[in-house]
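Keeping their order, the protein sequence lines are chains G and D.
Residue numbers for the first sequence follow my numbering, so the first one is 988 and each next one is one higher.
Residue numbers for the second sequence follow my numbering, so the first one is 988 and each next one is one higher.
Errors might be hidden in some of the hints.
Once the Cα atoms are required to be at most 25 angstroms apart in a straight line, the calculated DSS-like pairs of lysine-lysine come out as [claimed, not checked]:
(1) G/K1330 - D/K1283
(2) D/K1088 - G/K1252
(3) G/K1263 - D/K1283
(4) G/K1262 - D/K1308
(5) D/K1092 - G/K1001
(6) G/K1012 - D/K1330
(7) D/K1088 - G/K1274
(8) D/K1040 - D/K1092
(9) D/K1175 - G/K1308
(10) D/K1092 - G/K1236
(11) D/K1226 - G/K1088
(12) G/K1162 - G/K1207
(13) G/K1205 - G/K1252
(14) D/K1115 - G/K1236
(15) D/K1175 - G/K1001
(16) D/K1175 - D/K1226
(17) G/K1040 - D/K1088
(18) G/K1283 - D/K1284
Calculated directly from the structure, the hints in this document are not laboratory data.
Number of protein chains: 2
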Amino acid sequence: MTLFFIGLGLHGAKGIPLISLEIAKKADKVYLDAYTSPISQYEINSLQNLIGKEILTVGRDFIEDGLEIINQARKKDVVLIALGDPMVATTHMDLRLRAEKYGIKTHVIHNSSILCALPGETGLHVYKFGKIVTLMKSGSTPRATVYEVIHENLTHFLHTIILLEYDHSTGFFLKPNEALESLLNMEKDFKQGIIDDETFVIIASRIGSESQILSGGKIKSLIDKDYGEPPHAIIIPGKLHFTEIDALKTLLKIDDEQITDNSSKAKILAVNMIKKYVMSARKALLKARERSEAEKKNFNDLFENVECYISDAERFLNMGKYELAILSIGYAEGLLDSLRFIKELEIEW
Amino acid sequence: MTLFFIGLGLHGAKGIPLISLEIAKKADKVYLDAYTSPISQYEINSLQNLIGKEILTVGRDFIEDGLEIINQARKKDVVLIALGDPMVATTHMDLRLRAEKYGIKTHVIHNSSILCALPGETGLHVYKFGKIVTLMKSGSTPRATVYEVIHENLTHFLHTIILLEYDHSTGFFLKPNEALESLLNMEKDFKQGIIDDETFVIIASRIGSESQILSGGKIKSLIDKDYGEPPHAIIIPGKLHFTEIDALKTLLKIDDEQITDNSSKAKILAVNMIKKYVMSARKALLKARERSEAEKKNFNDLFENVECYISDAERFLNMGKYELAILSIGYAEGLLDSLRFIKELEIEW
């Protein structure tokens, strides 16, 4: 028979599509995953009334073990209902794969998940989201990884969605405030200068539910607020298109001065580094020219090449070709410094 | 009153959630967007029967103009139904923002879209998808952008979803074969060595529908097949986790030898470039040492520094610090070449 994975989406019991309702009504057994996302007893009851048969609420161990579900699916139609999209949680994917390997047909009815809904709720363009990360208090995702992903995305002007840990078994969930605190601490540790009090973030709470709230602003103006029950997610926007800014102001009612371009921080870093090299190379070249004149030495051919490669570095920088810019400035520095190593001329940096 | 945006999801008329059905039944006016995604007359009729009232099928101009919808929403509850998630299409977002600015309440009932469903249907981890692109035959997205996004994602080991153009007004859709052809041509033009006949891709056709097909394999083995009606999308996987490979083999029935690591191509590029520089610098240094001995000149101090910076480049390379590796090798080359510019020694590369 068939093992059906049905997504409940973001809109409570009534978020279930007709096709899923039909499948669940016909099915011999209906399970509800109550641990990958929070769901209230009220919603569970309404879902039960809609389907008109008993729903067995199951937890982590039951799904991870999965043997009972798989054995039943050999001879019966079994349904596993999950909030959001049923395949986002890896446990469900694992279960699906194991069933398929046992020769059991599996079928997925997809639904919305917070990842799909966030672009539409914020007005941020779906094409401008980069890699997604989850922030765990327990730190089972290394903080360095979270920070790196944000940095990577920002250097490519992309938005980052940060999902916040939720653990049904213990009822623990990472509060947005703690998450922001943790982001500021990462900055202290990894020092790439991409996150500070002024960083513009969006906190998405209970997306799709009646009590959905989206709060946008600088970290300093959001870090002390209370965001209530989970689920929560944080968005670190990258470069914002004017239509995105318009949407944020219209949908989230954010004031202009709260909205800043986080990506500039990340980009400025590489650019500034090269600019600094270029400047100091020019200074060193200038001193070297003076000194060689004073010492009646002629390195003009070399100096002109140094000058050329410094200009190349600037040109590549403006073209956004950072590797070539670095290669050129490195080469220019080498040319110049050589005079020091062969004791021909003192080079000051 | 309220303007409701309702997503139909991926599973046809019956993909509509109960909550959306209730809203549509109560609404004074129900529109269906028939241009951002393909929908059959059969599905439109079934949807009409489910809602039990007339559905007005509208096209691009009507929604982009939007005035009629907005004016009706001032005093009536108006519903606009769209396939997939209603907010993925920017036209719908524009309409929502304009309505909000007119003081009209808007409400979105989200649903699944191909972007949300693809991870679950392929088994590729949702955390490993990078930026999304659309490939247009008409080329309104520059081909360079599509190629750059794939390259960017691959260098960070990420998967790329490429949506293929669909234009309801003309009935035109970009066939997966043409898209693959176009990817191979991009490689000819931009020469980063990331795409060829051996590149492993996944073609997703009509995801969520009864006739859904997922085909995975090397471009050469997929480029001549027929993929039928739209919508289609192509995935260029990045680095694959063994659980992802397991899922692809189980769900898509792909043979092992069809699956290759596309990301290696992109990474190897930077690495090979630096390795090549390192090698040629060593060769040039060797010759320079010989020649300076022959000419009874002493540049040992300089040569040792060149040697040091070449080794630094290698060390940084092994640490994955490409910028520093490039800076070091550039510096080493500059040190060595200087002797040529000051006519002290012939340097051969």
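A quick look at each hint next to the structure:
1. This hinted pair checks out: G/K1330 and D/K1283 have alpha carbons roughly 17 angstroms apart, not beyond 25 angstroms.
2. For the given pair, D/K1088 sits about 32 angstroms from G/K1252 by alpha-carbon distance, which is inconsistent with the 25 angstroms threshold.
3. Distance restraint check for G/K1263 and D/K1283: the Cα-Cα separation of roughly 39 angstroms exceeds the 25 angstroms cut-off, and the hinted pair is therefore not satisfied.
4. Annotation: proposed proximity of G/K1262 to D/K1308 holds, straight-line Cα distance about 19 angstroms (limit 25 angstroms).
5. Between the alpha carbons of D/K1092 and G/K1001 the distance comes to roughly 21 angstroms, so the proposed pair stays at or under 25 angstroms and holds.
6. Taken as a hint, the G/K1012 and D/K1330 pair is broken in the structure, with Cα atoms around 89 angstroms apart against an allowance of 25 angstroms.
7. Among the hinted pairs, D/K1088 with G/K1274 is inconsistent with the structure: their alpha-carbon atoms are about 61 angstroms apart, more than 25 angstroms.
8. Between the alpha carbons of D/K1040 and D/K1092 the distance comes to roughly 23 angstroms, so the proposed pair stays at or under 25 angstroms and holds.
9. A hinted pair counts as satisfied when its Cα atoms are at most 25 angstroms apart, and D/K1175 with G/K1308 qualifies at roughly 20 angstroms.
10. For the proposed pair D/K1092 and G/K1236, the alpha carbon gap of about 15 angstroms is at most 25 angstroms, so the pair holds.
11. Between the alpha carbons of D/K1226 and G/K1088 the distance comes to roughly 24 angstroms, so the proposed pair stays at or under 25 angstroms and holds.
12. Restraint check for G/K1162 and G/K1207: satisfied, since their Cα atoms lie roughly 16 angstroms apart, inside the 25 angstroms limit.
13. A C-alpha spacing of about 14 angstroms is found between G/K1205 and G/K1252, which places the hinted pair at or below 25 angstroms, so the restraint holds.
14. Of the pairs offered as hints, the one joining D/K1115 and G/K1236 is violated, with about 31 angstroms between alpha carbons and a cut-off of 25 angstroms exceeded.
15. Distance hint between D/K1175 and G/K1001 is unfulfilled; the C-alpha atoms sit about 51 angstroms from each other, more than 25 angstroms.
16. With a C-alpha separation of about 23 angstroms, the suggested pairing of D/K1175 with D/K1226 holds against the 25 angstroms cut-off.
17. About 45 angstroms separates the Cα atoms of G/K1040 and D/K1088, which puts this hinted pair outside 25 angstroms; it is violated.
18. With a CA separation close to 22 angstroms, the supplied pair G/K1283 and D/K1284 stays within the 25 angstroms bound.
The structure shown violates the earlier hints numbered 2, 3, 6, 7, 14, 15 and 17.
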